[in-house]
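Colleague: Residue strings, one per chain:
Number of protein chains: 2
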Amino acid sequence: MATFMDVHHGMSGITEEQLRAAHQADLAIEGDEGVHFQQAWADPESGTVYCLSTAPSKEAVQRVHERSGHPADEIHPVPLMV
Amino acid sequence: MATFMDVHHGMSGITEEQLRAAHQADLAIEGDEGVHFQQAWADPESGTVYCLSTAPSKEAVQRVHERSGHPADEIHPVPLMV
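Quick note, the sequences are listed as chains A and B, same order.
Residue numbering for the first sequence follows the working numbering, starting at 14 and increasing by one per position.
Residue numbering for the second sequence follows the working numbering, starting at 14 and increasing by one per position.
Keep in mind that the hints were calculated from the coordinates and are not lab data.
Note that this is a predicted model, so its numbers are computed, not measured.
Check before you lean on any hint, since a few could be wrong.
If several chains are the same, the list does not tell them apart, and a pair holds so long as it fits within one copy or across any two.
Cross-link-like lysine to any residue pairs, in silico, SDA-like; alpha carbons within 25 Å at most [unchecked claim]:
id, residue 1, residue 2
1, K71, E87
2, K71, D45
3, K71, H21
4, K71, V91
5, K71, G44
6, K71, P84
7, K71, V95
8, K71, L93
9, K71, H83
10, K71, E46
Full structure from sequences and hints, please.
Modeller: Structural data, given as structure tokens:
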């Protein structure tokens, strides 16, 4: 298992409710891929969303996000943490 | 106080020791600006570092990072969190 930070652009105006709904949609199916989305942060002004997850691969992270209807624009493994 | 995610590019090959040293340098002076850096994640392959902080402003976050010798390329307020 590795840790990933993924980034979504173009989410300008996202609300807390929408962020929560997107996160819940991920949580509902993440087990199918062995992924766990730990936390998500959103900047509604620039339309940027960051998601932190643990997963077997970046492809697994993307499969969950795609099935939930919000594919990530970038997915970075973040093996270093402090 | 608000929450910020800042991003550094061009950090290819960063090591755990370097990430820790950079974070410690921030922690040593963050109090001057009322900032607190909570966590940082690094992808040595793409050279991307993400820092999560609480701070009075994005300018305060940048002042700490600048004084520590590693200005951020992007700083996003992230008022939404889940």
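Colleague: Which hint numbers does the structure go against, in order from smallest to largest?
Modeller: none
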